[in-house]
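Read off the chains here:
Number of protein chains: 2
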Amino acid sequence: MAAQTALSTESTTTGSVTPVDLGPAVALSCRECGHRVPLGPVFACEECFGPLEIAYDFGVHSAADTEELRKRIEAGPANIWRYAPLLPVPANVAEKPNINPGWTKLVQADNLARELGVDAGKLFVKDDSGNPTHSFKDRVVAQAIEAARAFDFTTLSCSSTGNLAGAVGAAAARAGFRSCVFIPHDLEQGKVVMAAVYGGELIGIEGNYDDVNRFCSELIGDPAGEGWGFVNVNLRPYYAEGSKTLAYEICEQLGWRLPDQLVVPIASGSQLTKIDKGLQELIKLGLVEDRPYKIFGAQAEGCSPVSVAYKAGHDVVRPQKPNTIAKSLAIGNPADGPYVLDIARRTGGAVEDVNDEQVVDAIRLLARTEGIFAETAGGVTVGVAKKLIENGLLDPTLTTVVLNTGDGLKTLDAVADVGLTATIRPSLESFREAGLG
Amino acid sequence: MAAQTALSTESTTTGSVTPVDLGPAVALSCRECGHRVPLGPVFACEECFGPLEIAYDFGVHSAADTEELRKRIEAGPANIWRYAPLLPVPANVAEKPNINPGWTKLVQADNLARELGVDAGKLFVKDDSGNPTHSFKDRVVAQAIEAARAFDFTTLSCSSTGNLAGAVGAAAARAGFRSCVFIPHDLEQGKVVMAAVYGGELIGIEGNYDDVNRFCSELIGDPAGEGWGFVNVNLRPYYAEGSKTLAYEICEQLGWRLPDQLVVPIASGSQLTKIDKGLQELIKLGLVEDRPYKIFGAQAEGCSPVSVAYKAGHDVVRPQKPNTIAKSLAIGNPADGPYVLDIARRTGGAVEDVNDEQVVDAIRLLARTEGIFAETAGGVTVGVAKKLIENGLLDPTLTTVVLNTGDGLKTLDAVADVGLTATIRPSLESFREAGLG
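Chains as they are written, first to last, in my numbering: chain A, 2 to 438; chain B, 2 to 438.
Bound-form chain A, shown alone (with noise of 0.2 Å):
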């Protein structure tokens, strides 16, 4: 995560005191002492250096204005615009040329459920590797375009060890932005390639992705970052309302109903905490009934400071040096993770990790299951969801949904150790001689 730095108006470019058209979005406004300022390309607020947020006005007054909603949005495309109405987004966004994410698949897995113990028709993955570059990362990078539209950026940057940068690198080629994405210059070949095949441009920084975060920072503060949009760091607010789509494609997926029980993975705890702003949207927004839900996180052991902090009663999360082979959700230092903690107890959730072999045995689990090759952080989740299932903390007669956000085929290593059951002649005798006749 960059660090949370404040940037004075002053600082900003001019677009951030005009007024932009970002649909329902009316303000920014802080997390921590509810100060607003004008929608712009800031994300720490100048009087308390915490988070900002969007703030909207939906325009929903009556029992008639949700039913109107609900069915604008039904009417909408099988992308995450079908939720314009409800996105710091103008209400032209689907004709713009984006990559148009979302409306991914919300698999009802019986198979996985009867190995795990749940109640036939009761488990549910939602699966975002079906998503154009095939991580959740689209949804929210879809967010950060239309605000570097609104506020007149021409490039579009982040600091990346994977998934972001190709989704970043294959929005901004779609939407004309020119991208430039920072890396730490010892990549593996393959994660270069994915990020370098869209045509930006892709800078490796000598040092490690805490240098290039840091060198991300600096370049926001000079000169010669004027007019780009950084899109988890001065387009954050904007971007992570991306994940809100998460939550509202789950409860009409169900049939406009909340699920009793959702495990999500955390990296910075930013996803977490949208989809139970989303959640409580729909609530508010009368588009689901009011009743209880339970949001469970989801780490690896070898970067679990949220798991930690919560196991051991506490409100503040100590940063960790991540040594794991789920490296999306390598964060060492959660932002958002506080709010995760508040989130996990308030709705009588939990946050628990698994180790590596775990992460790769629900990788295998899900994939022989339900078919569902999943990247290493599905693998955490699935793991984390089996986890709490044997410790009683996850009800499996109750409507469980579990986060896969990636795809299998960007961690291939994870799962080298599987292969060949036999290796036989072209002949029926080897294949008899083989015992697989």
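The hints are simulated quantities; they were obtained by calculation from the structure and are not laboratory data. Careful, some of the hints might be misleading.
For identical chains, the list gives no copy identity; a pair is met inside one copy or between any two copies.
Below, computed lysine to aspartate or glutamate pairings styled on DMTMM-like, alpha-carbon distance capped at 25 Å [said to hold, decoys possible]: (1) K123 <-> D212; (2) K123 <-> E75; (3) K97 <-> D120; (4) K97 <-> E48.
The hints should help you fit chain B onto chain A, whose structure is shown.
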């Protein structure tokens, strides 16, 4: 391709003679001599050895029937099962466990159009990388699964060098079949992982792909193969119908309109012939207006038997030994080659090929213009589209759909030379020195 050999009715399972419920499918009919046999796990005519195809009764006899069908489709799920009334599957197919491919994006590719000199709003990419295992093979395997259920098969099998192995493994896992897939024993480790992760049996055959195929044909005729459905051999007539859904989706996504021109890759040629079949069905059913369309076939120069035959004016296809990076298209003796030649000539299309360098250029072109990272097969179709425009064979003022049938993540090696734009130290000075600021 497996050799087309006839199976006598005696040698097939009893499922072939008892009536089965495969929706509108009523019989198998020989493409060459028209001889009809009951639905069963057979693929070649007992009279003339010609390929068997599904014969349907769609029950559409009036404009009112057409309108009802259109409404039923539009109200259907966001996957291929919206077209269940036109496929060899039972009416309740959507309720069965299946990986539910299809309804992938038809991307209006205005950036690519600009680069290729096509009129704005006229060029579309049908992007099948969005399928569950990220290739169009999920469409065909989904049909084979339903046929396997109908014929009481318990094991799903195939010979494969890549996409098909993963598609069969995933679909079998979810649908509750045993799977046993045969591949050359020396495949790249990445491809082995992608196929093995779903937990089915994966057997390496000491030999090349032809040896694998020959062995599979032997196994079908042997008692050891009893109860085995080879998706692309004894279930081929059902399997192949899955490609019709590409035609259906393209037309529905264009607003129930035929495209003027399609650029389709050729491996066995089956996909191209079934797209044509699907378009003809939509015309006959009254779902689209009856007007001309042109189908263009695309091959890689290193495996271009159909393109060579087309250009030489031949009706037969002389086999080649493949040598191209477009491995998913590398079938040197394409079973449906002659039918492809017929269709290209009848519709006023053509068959063209591009070399490996042009394939790579086209992959990069599509990625940097539309944010779509295509498999080598997508590089072939985009590269051929570019060449056909330069040749004057493809009209840049007409609505054109180019197919991308797979995902770039599966053929990373093809673009392994893309990489970092620059490497810098984590400082603004270094950033400026590199000419980036």
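For each hint, the structure was consulted:
1. K123 <-> D212: neither (44 Å within a copy, 45 Å between copies)
2. K123 <-> E75: within (24 Å within a copy, 28 Å between copies)
3. K97 <-> D120: Between copies only: 18 Å across chains, 43 Å inside a chain, cut-off 25 Å.
4. K97 <-> E48: Neither: 36 Å inside a copy, 56 Å across copies.
Checked against the numbered hints listed earlier, the structure breaks hints 1, 4; every other hint is satisfied.
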